[in-house]
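J.: Sequence:
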Amino acid sequence: MTKEIAIEGLILEMEWRNPHAWLQIEANNEDGQPEIWQIEFGSANSLYRRGWRRDDLPVGAKVSINGLPARDGSRVVGAEDVTLPDGRTLFAGTGPEN
Numbered sequence: 004m005t006k007e008i009a010i011e012g013l014i015l016e017m018e019w020r021n022p023h024a025w026l027q028i029e030a031n032n033e034d035g036q037p038e039i040w041q042i043e044f045g046s047a048n049s050l051y052r053r054g055w056r057r058d059d060l061p062v063g064a065k066v067s068i069n070g071l072p073a074r075d076g077s078r079v080v081g082a083e084d085v086t087l088p089d090g091r092t093l094f095a096g097t098g099p100e101n
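Note that the sequence shown covers residues 4 to 101 in this note's numbering.
For the record, the hints were derived by calculation from the structure and aren't laboratory data.
C-beta atoms are modelled at their ideal positions from N, C-alpha and C, and glycine is treated no differently.
Check the hints yourself; a few may be wrong.
Derived CB-CB ranges, DEER-like [what the hints assert, rightly or not]:
hint, residue 1, residue 2, range
1, Gly76, Gly54, 30 to 38 Å
2, Gln27, Gly76, 15 to 23 Å
3, Arg52, Gly76, 31 to 39 Å
4, Asn32, Arg52, 30 to 38 Å
5, Gln36, Arg56, 31 to 39 Å
6, Gly76, Arg53, 27 to 35 Å
7, Thr92, Glu16, 17 to 25 Å
8, Lys65, Glu33, 14 to 22 Å
9, Arg57, Asp34, 30 to 38 Å
10, Glu16, Ala73, 15 to 23 Å
11, Asp58, Glu33, 26 to 34 Å
12, Glu7, Asn32, 17 to 25 Å
13, Asp58, Glu29, 14 to 22 Å
14, Arg20, Ser77, 13 to 21 Å
Throw the hints in and build the complete structure from the sequences for me.
T.: In structure tokens, the structure reads:
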């Protein structure tokens with residue numbers, strides 16, 4: 004089983020698509036070097052039903068993401084939740100909301 008990770012970074016792009024929406028962020032690694040991460044969500048429709056709106060994720064905004072990393076070691080995360088700059092946390096995962 005893969006352990007959940009937390010990533011904090013700046014939004015580069017948000018793709019509101021079906022069947023999966025994608026967020027691209029730039030986060031610093033342990034050495035302080037920037038890395039590009041791909042964050043996967045469920046469908047854009049399901050995010051909208053959970054309260055997500057396009058203007059919640061502007062380019063350049065700092066976000067915190069909790070989720071499960073790709074098993075192959077690539078910089079891809081299946082998001083569980085995202086904390087926005089205003090402090091709101093939006094549920095993104097497929098499991099039951101806490």
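J.: Let me make sure I understand: some of the numbered hints might not hold for this structure. Which ones are they, in numerical order?
T.: Hint check: nothing fails, all pass.
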